[in-house]
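Participant: The chain contents come next:
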Amino acid sequence: MNALQKILIVDDRKENLIALRQVLRCLDVEVVEASSGNAALAATLDHRFALAILDVMMPEMSGFELAEHLRNDENTRLLPIIFITAAYPDEKKKYRETLCVGDSAGQGKDLS
Amino acid sequence: MKPYASEILLAKVKIFLELDSQRQELKRSNLVLGRAVEQSPVSVLITDTDGVIQQVNPKLCELTGYSPGELIGQNPRILQSGETSPETYRTLWDTLLSGNAWRGMFHNKRKDGSLFWEQAVISPVRNDEGTVIQYVAVKEDISDRIRMEQDLQRAREDAECAGQAKLRFLQIMSHELRTPLNGILGTLQILEYDKVYNAELTTSAKQALFSMIDIIDNMLEASRLESSELSFAQAPLQLELLLATLGRMFSVAVQNKGLHLRMSLADDLPRWILTDATHLKQIIAHLMSNAIKFTEQGTVEVLLNQESGVTSDRPVLRIDVRDTGIGIDPEKQQLVFALFTQGDDSLTRLHGGIGLGLTLTKRLVELMGGTIGLQSCVGSGTTVTVRLPLVQLP
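If you read the sequences in order, they're chains A and B.
Residues 1 to 112 (my numbering) make up the first sequence, in order.
Residues 1 to 394 (my numbering) make up the second sequence, in order.
Calculated from the structure, these hints are not laboratory results.
Check each hint, because a few of them may be wrong.
To be verified - When the alpha-carbon atoms are kept at most 20 Å apart in a straight line, the in silico PhoX-like pairs for lysine-lysine are as follows:
| hint | chain 1 | residue 1 | chain 2 | residue 2 |
| --- | --- | --- | --- | --- |
| 1 | A | K6 | B | K12 |
| 2 | B | K293 | B | K332 |
| 3 | B | K27 | A | K6 |
| 4 | B | K111 | B | K59 |
| 5 | B | K332 | B | K166 |
| 6 | B | K281 | B | K293 |
| 7 | B | K14 | A | K6 |
| 8 | B | K59 | B | K109 |
| 9 | B | K206 | B | K195 |
All chains should be modelled from the sequences, with the hints used to inform the complete structure.
Facilitator: Now the structure itself:
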């Protein structure tokens, strides 16, 4: 019964994924990586995640688009999302307003 | 990497992980509870405080014939049959509104209109603040139990009724047997005292004995019919001869009461038929003796006719025995065919007999594949009609 909780981390840049993994290292969780929105969606088919941490700026599918997809899927409708981004503070505010989803939270990308 | 930012991220992650594990825990316990309700062998129904149905379990749907969609959003009133007393509903709501659980029975209605009994417990559901937010009803179908109790009750009543009828029959019968016995005893005493042969007394003693034999014959016949020991033998019978025999049998009785006896045979009837002569004679004799018994003046008629069958083309022998006697009250017309009853107990005392005649006749007629019915008008007479299958000689 006591399977590890899983966290999905999505970023198109390998070094960012490694850095995120570092931050989460102290937690007793399983971290699943995805380097694109599509890979992330594929991963949600195989795993039940407790949380998703998404990079906002990604080629092909942005973090917000990915979030939109996750919200529309019955299985991931309630999945909490944390956005990390290098965007400027005022832009970040704008994104928050466009995407009013319950469990999502923004996080400045000060990682790399 | 700025350490504070990653700490904030980590803190948020921890919060979300905690929320997630709580949500999973809740889901698990809801699932257990939900399954228990889903798979429960008793009906479960949850309403809000206005009595609007919020949730039902499959057992309730199976029992009532409604789908969950047809029940949710409705008031449980749609299950009411009108058979449960308003008093029940009043105490139900009084109990619930005072915050207590109510126990009781409903006689409810399914979607198809059929009724069923259920034993119910309805209780308020409170939230953390103690406010009542829902009512939950747990109900069990007890129709089988109720039906069994009712059957038992009916069987008991039937047995009591039959017992009473038998008791009354015994009383009447002992009376009927005693009366001729007293006559015989009296006659013997006189003969003993006079020591002289007296033809009149001997005849009256003989008549009293015959009437006793008659009663005892009837009794035997009744017990034979009751145990279905009767067998039928078909043999050729000449109808004209049958009527002549019957006429002779009753000529004395008819003369004694000053009645007219008419017997007629329709021309289209075959001269010979194939039947159980003994029983056919018995049937007509029973009816004639009855007609004579209950007629003070006028005519007793026996009419034999041929009739085409009601349900088939097979010919039917129709026998009408008509009298101009006292008649039978419409309410008692069906009763006269029941075992051990006469139209009226007071009639028994007046006219004698033990109330077996018509019952025996009906049994005989039915055993011979026929029907019997009567038409009667109080004061102007009775016609008993017997229809039997008519079998001609080949």
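Participant: Work down the list of hints and note, for each, if the structure agrees.
Facilitator: Right, here's what the structure says about each hint:
1. Proximity of K6 of chain A to K12 of chain B is assessed by CA-CA distance (about 15 Å); at most 20 Å being required, the pair is judged to hold.
2. Note on K293 of chain B and K332 of chain B: the hinted pairing holds, with a Cα-Cα distance of about 18 Å set against a maximum of 20 Å.
3. Proposed proximity of K27 of chain B and K6 of chain A is supported: the alpha carbons are some 17 Å apart, at most 20 Å.
4. For the hint pairing K111 of chain B with K59 of chain B, the CA-to-CA distance comes to about 14 Å; that is within 20 Å, so the pair holds.
5. Annotation: proposed proximity of K332 of chain B to K166 of chain B holds, straight-line Cα distance about 18 Å (limit 20 Å).
6. Of the pairs offered as hints, the one joining K281 of chain B and K293 of chain B holds, with about 18 Å between alpha carbons and a cut-off of 20 Å not exceeded.
7. The straight-line distance between the Cα atoms of K14 of chain B and K6 of chain A is roughly 12 Å, inside the 20 Å bound, and the hint therefore holds.
8. Taking the CA atoms of K59 of chain B and K109 of chain B, the gap is about 15 Å. The hint holds against a cut of 20 Å.
9. For the given pair, K206 of chain B sits about 18 Å from K195 of chain B by alpha-carbon distance, which is consistent with the 20 Å threshold.
The structure shown violates none of the earlier numbered hints.
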